[in-house]
Amino acid sequence: MLSPFRRVVGIVGIAVVATLGITACSAGSSDSSASGGKSVVVDSSFDLKTADPNREYETTGSIVAKALYETLLTFKGDDVTKPVDGLASYEMNADNTVMTLTMADGHVFSDGTPVTVDDAVFSLQRVQGIKGNPSFLLEGITVAKTSDTTLTLTAATPNPALPYILPNPALSVVNKKVVESNGGTATDADGAEAYLNGASAGSGPYMLESFDVASQVVFTKNPKYTGDAPAYDRVVLRNVQGPTQKLNIQAGESQVALDLNPDQVAEVGSSDVTVLSSPSRYMIFLLLNQDPSVSAITSNPDFLKAVKAGIDYNKIVDLAGDGSVQPGGFIPSLFVGAIDASDGNQHDAAAAKAALASSGYKGEDVTLNFPNDITVQGLSLQSVAESVQAQLKEVGINIVLAPAPVATELDAYRNGKETVGLWYWGPDFPDPSNYLAFTPGELVGLRAGWAAGADQTVTDLATAAKAAVSTDERQSAYAALQKAQNASGPFVPLLQPAQNVVTSKSITAVSLNPVWTIDLAGIK
Amino acid sequence: MKTEKRSAPAGIPPLARYLAIRLGVTALLMLGVTLVTFILTNLVPADPVQAALGEQAAANPEIVAQFRENAGLDKPLPVQYFTYLGHLFQGDLGTSTQTRTSVATELGKAFPATIELAVGAILISAIIGIGLGLWAALRQRTFVDQVIRVVSLIGLSVPAFWMALLVYFIFFFQLKLFPGSGRLDPAAIAPPHVTGLYTVDSVLAGQWATFGDAVYHLVLPASVLALYTIGLLTRFSRSAILEVLDADYVRGARAKGLTGRTVVFKYVLRGALVPIITVLGIAFGSLLSGTVLVEKVYSWHGLGEYAFSSATKLDLPAIMGVGLVVGIVYIGLNFIVDIAYGFIDPRVRAA
Amino acid sequence: MSQTTAPTSRTQPDVLAVAARRRMRFPAALRNPLAVTGTAIIVIWLLLALLAPMISPADPLAQDFDRLQPPSAAHWFGTDQLGRDVLARVLDGARVSIILPLLLVVSSLLVGTVAGSIAGYFGKVADEVIMRIADLVFAFPTIILAMVIAASLGPSLTNAVIAMLIVSWPAYARVTRSLVVVASRSEYVVAGRLLGNSPFTSLGKDILPNIIAPVVVLATLDVGTAILLLAGLSFLGLGAVPPTPDWGAMVSDGVQNFSSWWISVFPGLAILTVVLAFNFLGDALRDGLDPRTADAVKGRAL
Amino acid sequence: MSTIPASQPAASGGLSIRDLTLSIGRGDKAKRILRGISLDIPAGRITGLAGESGSGKTMTGMTVLGLQPAQATVGGVIEFDGRNLLELPTKKLNTLRGNDIAMVFQDPTSSLHPMLSIGSQLTDHVRQHTGMSKREALERARVVLEQVKVPDPAGALKKYPHQFSGGQLQRVAIASAIMCSPSVLIADEPTTALDVTVQAGILRLLRELCDDLGLAILLVTHDLGVMSALADTIAVMREGEIVEHGDRFQVITAPRDPYTKALIDALPHDGSAPTAPGSTSTGDAS
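Chains as they are written, first to last, in my numbering: chain A, 1 to 524; chain B, 525 to 875; chain C, 876 to 1177; chain D, 1178 to 1463.
In short, the hints are calculated from the structure, not lab data. Predicted model, so just to flag it, every value in this text is computed and none were measured. Incorrect hints may have been included.
Unchecked claim - With a cut-off of at most 30 Å between alpha-carbon atoms, the simulated DSS-like pairs for lysine-lysine come out as follows:
hint, chain 1, residue 1, chain 2, residue 2
1, B, Lys700, A, Lys505
2, A, Lys76, A, Lys315
3, D, Lys1326, D, Lys1336
4, A, Lys353, A, Lys315
5, D, Lys1336, B, Lys599
6, A, Lys224, A, Lys315
7, B, Lys790, D, Lys1269
8, B, Lys790, D, Lys1208
9, A, Lys524, B, Lys700
10, D, Lys1335, B, Lys790
11, B, Lys700, B, Lys633
12, A, Lys38, B, Lys633
13, A, Lys417, A, Lys483
14, A, Lys82, A, Lys315
15, A, Lys38, B, Lys790
16, D, Lys1268, D, Lys1311
17, D, Lys1326, B, Lys790
18, D, Lys1268, D, Lys1208
19, A, Lys417, A, Lys466
20, D, Lys1268, D, Lys1326
21, A, Lys82, A, Lys224
22, A, Lys466, A, Lys38
23, D, Lys1268, B, Lys790
24, A, Lys177, A, Lys224
25, A, Lys145, A, Lys82
26, A, Lys417, B, Lys599
27, A, Lys353, A, Lys483
Stated by the list, open to error - Part of the chain A face toward chain C, derived, beta carbon under 8 Å:
hint, residue
28, Gly242
29, Leu247
30, Glu267
31, Ser271
32, Asp373
33, Leu401
34, Pro403
35, Ala404
Glycine included, each C-beta is placed from N, C-alpha and C at the ideal position.
Isolated chain A (complex conformation) (with noise of 0.2 Å):
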């Protein structure tokens, strides 16, 4: 327009490139990293409210807490079928009712001072005492000292999970002196968390270094803890959703991902990363309402029937990818009473529109229920959700969904108020007895409006699976009950999805869990 002004135009657009130019010097000079020794870095998809091991129950919050602590008895490695000595050694007496446990010796905190029968009973009636979420785990159970060596827990009824609950990192021991005077009790009035939240009080491999509940949390190195050290000085554990963890580790930005769902495994490939892929221990399944007042039409027989045998399950694991698989029954395939797929729930289209013809259901419209901002190892429900009303279509059930954020739908969830609704089940402990939420009466069962007597046959060989005590007789115990559930029952299991853990060539081994996820000290 003006010459003069030809020239200005020419110096903003240098000021604009030499601004770029800028940020891509500074941009250069990053790739120092800020610590010394090896570090490594986890990316997970946070469900992380706490650091305060008492208090967590959540998977990242296991995650942190077993490698900050220690717990009484542990597992080796992914073997959750035999209780091993951690801080303690353990006896239980015949009835399972009194379990004697005897401190170890040598085991330090990372202050230095040694862990005692002191910091374990106060670790375990903080537990009990804070009425947090993981109270429930030592119900009905005293915790008390008999000698400077020793500990009992007396439970009121017999109690053979015990030691199998007792490595669940909830029940830590905590330095009971350092919590103590950081405002930490065994009660309501318990007030360390805070503390915990900015320091580890344990005698874990790594001690807390930085901890964001939204962000990230670091660990370093305890260098007073008693066990093989650690192969890694640092651990971040990071908070990524699962599909840019995928794109992290391709790029090397991270070394381990453990969020990642089948498809994006497979988009991965093989050659830049190593992929361990197992069955996990969560179970997705459905669950129709049997109490009649929250809906006719769910409650009936026959059209509870016709989507067990509507649902083409092939079809869903599929859908999850490999190393998914169709669980037998509410149990899944890493414990003891598991059964296999072929005893449990199979497709054919003829028998659903046989039974949905003799249920008479007309058409009507079903609500299914769903949290919407839930992925189960990296499956999002809603394509489950979406799934399963795509298969009932066919055989005739006219399925809407109702997704909803978690929050909000976890009241009518839990207040048995969904007609259909689709969830998923992560063990408490790895022991089938925890399953038994699934039937009439019981936690779960309730839920599903199936009240206590509802279904007698179910109610006789859940007690009967709870009274047996060789690992046979639980076996088939189990088993006959979950076939009982599976053909009368409320619950259609769905799927096992496969936990997928993706790590750089350059980590030779990690160490999972069903119950801790995985244990970053054992990163190698």
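Add chains B, C and D to chain A, keeping to what the hints say.
Below, chains B, C and D alone, put in the same frame as chain A:
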């Protein structure tokens, strides 16, 4: 549009009066913000207790009762609200029902992250947007002008969340030009906390490598976020500058024989600055709300993500805290913009 | 907060001169190549949306195909994680992703214009109440407020639209109010009032025709914003309920399957083209407006 | 029609316009704004250029400084100091603008930047043209403000345009124009935007400057009343051409051109300037 503020009644210093009114309005608005958020979040047909407690704990009436009592949820709603206000007046934003950490602490972490992102984006958009707007204005009705117009409209039309993905995929994953998620290299240690802005804190601590790292991580998300505001600022500064280019004082400046550079930077840009600053303020506000979509893709744990997770997890005190902070920022922004007018325009200063 | 509406009025205080000069050269504005391009794209998309069931290559809900197939002759846009045809879903998604925001803009235009007219014309209490509520809404960032509302009402398209309506009417109210304030001081309106016109006659006959053009331009520009906002909410899982095809939700599906770029790239491009088309049109129309009223529109079209 | 040759040759420091043409647009659609203007603006005299709005008088003034619209095509010669201004590159022209040839605009409230201090606006071009230091330039500005009779010159330098009355501001604008001691001053409707009461003062100031500094002043106005009070020679423009050119007395009392005659007859007889029915073509940009 309001010009009534130009004259203040005699007796009270106009600035004091202005500040008093401003503060009063702000306080009322904040009260409104808390009330609206409180009502909205209590409309949710779900129980925050369920959202906060685990499977087994939620089935235990004792634990549930304990939780309700601790969170004050056992009281009637009006009591809850007034209790909240009471704490608020003492500077206490309450405790998150999810993490049992003080909301102020959590906001203290999330807020600087978002501010850093938004400031980065506004800087990028100011430089590029005003530059392009100036270029287009000086080349009005030429091909360049048309191209810039289309480019800026594209900037206004790109869905940020989609662009965030695309850019991440291309520049981080394919070309490996920029780092991936997060605010710093995972191996890096965050600089000592002063402002919470990594760029500022690292400079304060003299950690230049960390500063570079922080800026490096900022480039992609800030650029994506800036696209919209670049479009906005380009369009707006173009028309503001065009208007000024026609002004007598620009012709006057040229008649004085001033060089093109002086005319543009001293006369034209200054003349267009008031409307441009206004848009910058509005743009910054829109950036703040836009961050949630970009934060999600870049694992940038800022206010947007905090707001989203609090909203979906029914973390009432956290949502209220976000509402308050954001409200204050918006109002503060307008305030800053008004003050900026004063610095730029002596006529406003006098009024 | 409201003084930011028309920034240039600070340097150019003769607002009163505007009323007489306000003319909208619509036909001329529409001859602009941008407007032609924009209109053409919009028409094409609207046709696609209307004809979707007829021209769609597949049932957008049917999970009939192999999962995650890249684009091919059989599936131009590939298939998604459930084996649905992406092209079919993009076409069908137009119905939700374009038409719903259009309805939304029309409703917020109605609500906002009425509220703004009342505030601007009657002033005093009505003005204070309405504009303070508007201020309150403005004190929230749009998407966060929409997020909270959508989360409390539960995700569904209806609720998302309600949330968006709540956050978008104040823009119209402000622009309308400022235009009405100016217009109602102009001589012909004052004269009309002196002649005994009722407030409503005066509003409807003398004022509205004068302010309608800028409001329509604002609305055109706003369609793009509305499409983006709805897509954003759906992306966050607070909008469209599956399996309804919605572009924002489809992009979100693509996030989970990053390497299957086609799942998110095509719906993203769809959003981009439609929004761009509306912005082309709106921008061209705005050029046709008197510069002063265009400022009011610009100031609020953010 | 432009038949009037210069009555005196261009004195040194003066300006001479020959056959100036200006059109906007190309080919048949071209709009011819100036159709061959020839005019001398000698030093020490005030040359009036009158005409109604749209006659091209303001464009003539603008073109002298090269401020015509970018899309305009210009022909002819504007001779200054032995050079044709129309052929000077912008860079060269810039060294003359404000330095040797200065301009005063119609409305001082819009021709001065509202956000820059008087001191800054009075000195920026001086410093650029002469390389004076900031302090020297400010001192010069103070002297010049005193010269144009702005009260409290030192204080005025720190003020902003909105803090002055219109009349005072026009004095400031004139001060800005004469800061570099130009030899030619183009005054485009310098009193039109002012109150009648202060117009006389400004006119008197222009006269003084012309006489004291030997300035060549081109006074562009539609107001023949102003013109008759101030100009030494008067040229009348109509539709891009000069239709009348001569001594003030001769033009006012015995116009040869019927259009001029009509203009003069329209003058009110109380001596005050008639209110402008519309402003000049560029004057309404505020």
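Hints and how they fare:
Between the alpha carbons of Lys700/B and Lys505/A the distance comes to roughly 19 Å, so the proposed pair stays at or under 30 Å and holds. Of the supplied pair hints, the one linking Lys76/A and Lys315/A is violated, its CA atoms being roughly 35 Å apart against a limit of 30 Å. For the hint linking Lys1326/D to Lys1336/D, the alpha-carbon distance of about 16 Å falls within 30 Å, and the restraint holds. Of the supplied pair hints, the one linking Lys353/A and Lys315/A holds, its CA atoms being roughly 19 Å apart against a limit of 30 Å.
Proximity of Lys1336/D to Lys599/B is assessed by CA-CA distance (about 62 Å); at most 30 Å being required, the pair is judged violated. With a C-alpha separation of about 51 Å, the suggested pairing of Lys224/A with Lys315/A is violated against the 30 Å cut-off. Between Lys790/B and Lys1269/D, the direct Cα distance comes to roughly 21 Å. Compliance with the 30 Å bound is thereby established for this hinted pair. The suggested pairing of Lys790/B with Lys1208/D is violated, with an alpha-carbon distance near 34 Å, which exceeds 30 Å.
About 27 Å separates the Cα atoms of Lys524/A and Lys700/B, which keeps this hinted pair within 30 Å; it holds. Annotation: proposed proximity of Lys1335/D to Lys790/B holds, straight-line Cα distance about 17 Å (limit 30 Å). For the given pair, Lys700/B sits about 28 Å from Lys633/B by alpha-carbon distance, which is consistent with the 30 Å threshold. The hinted pair formed by Lys38/A and Lys633/B meets the criterion: a straight-line CA distance of about 27 Å does not exceed 30 Å.
At roughly 26 Å between alpha-carbon atoms, Lys417/A and Lys483/A fall within 30 Å of each other, so this suggested pair holds. A distance of roughly 35 Å separates the Cα atoms of Lys82/A and Lys315/A; the hinted pair therefore is violated under the 30 Å criterion. Between Lys38/A and Lys790/B the alpha-carbon distance is near 55 Å, which puts this suggested pair outside the 30 Å criterion. Between Lys1268/D and Lys1311/D, the direct Cα distance comes to roughly 23 Å. Compliance with the 30 Å bound is thereby established for this hinted pair.
For the given pair, Lys1326/D sits about 28 Å from Lys790/B by alpha-carbon distance, which is consistent with the 30 Å threshold. Simply put, Lys1268/D and Lys1208/D have alpha-carbon atoms about 28 Å apart, close enough for the 30 Å limit, and the pair holds. Taken as a hint, the Lys417/A and Lys466/A pair is honoured in the structure, with Cα atoms around 28 Å apart against an allowance of 30 Å. Only pairs whose Cα atoms come within 30 Å are accepted, and Lys1268/D paired with Lys1326/D is rejected, the gap being roughly 34 Å.
Between Lys82/A and Lys224/A the CA atoms are separated by roughly 28 Å; this keeps the pair inside 30 Å, and the hint holds. Simply put, Lys466/A and Lys38/A have alpha-carbon atoms about 48 Å apart, too far for the 30 Å limit, and the pair is violated. Between Lys1268/D and Lys790/B, the direct Cα distance comes to roughly 18 Å. Compliance with the 30 Å bound is thereby established for this hinted pair. Under the criterion of a C-alpha separation no larger than 30 Å, the hint pairing Lys177/A with Lys224/A is consistent with the structure, at around 17 Å.
Taken as a hint, the Lys145/A and Lys82/A pair is honoured in the structure, with Cα atoms around 25 Å apart against an allowance of 30 Å. Of the pairs offered as hints, the one joining Lys417/A and Lys599/B holds, with about 25 Å between alpha carbons and a cut-off of 30 Å not exceeded. Between Lys353/A and Lys483/A the CA atoms are separated by roughly 22 Å; this keeps the pair inside 30 Å, and the hint holds. For Gly242/A, the suggested interface contact is upheld, since its CB lies about 7 Å from the closest CB of chain C, less than 8 Å.
Using the Cβ-Cβ criterion of 8 Å, the hint placing Leu247/A at the interface with chain C is satisfied: the shortest such distance is roughly 7 Å. For Glu267/A, the suggested interface contact is upheld, since its CB lies about 4 Å from the closest CB of chain C, less than 8 Å. Taking 8 Å as the C-beta contact cut-off toward chain C, the hint placing Ser271/A at the interface is violated, the least distance being around 14 Å. Satisfaction of the interface hint for Asp373/A is found here, the shortest Cβ-Cβ separation to chain C being roughly 6 Å, below the 8 Å cut-off.
A hinted interface residue such as Leu401/A counts as satisfied when its beta carbon comes closer than 8 Å to some beta carbon of chain C; here the least separation is about 5 Å, so the hint holds. Interface hint at Pro403/A: satisfied, since its Cβ lies 6 Å from the closest Cβ of chain C, which is below the 8 Å cut-off. Because the closest C-beta pair between Ala404/A and chain C is about 6 Å apart, less than 8 Å, the hint holds.
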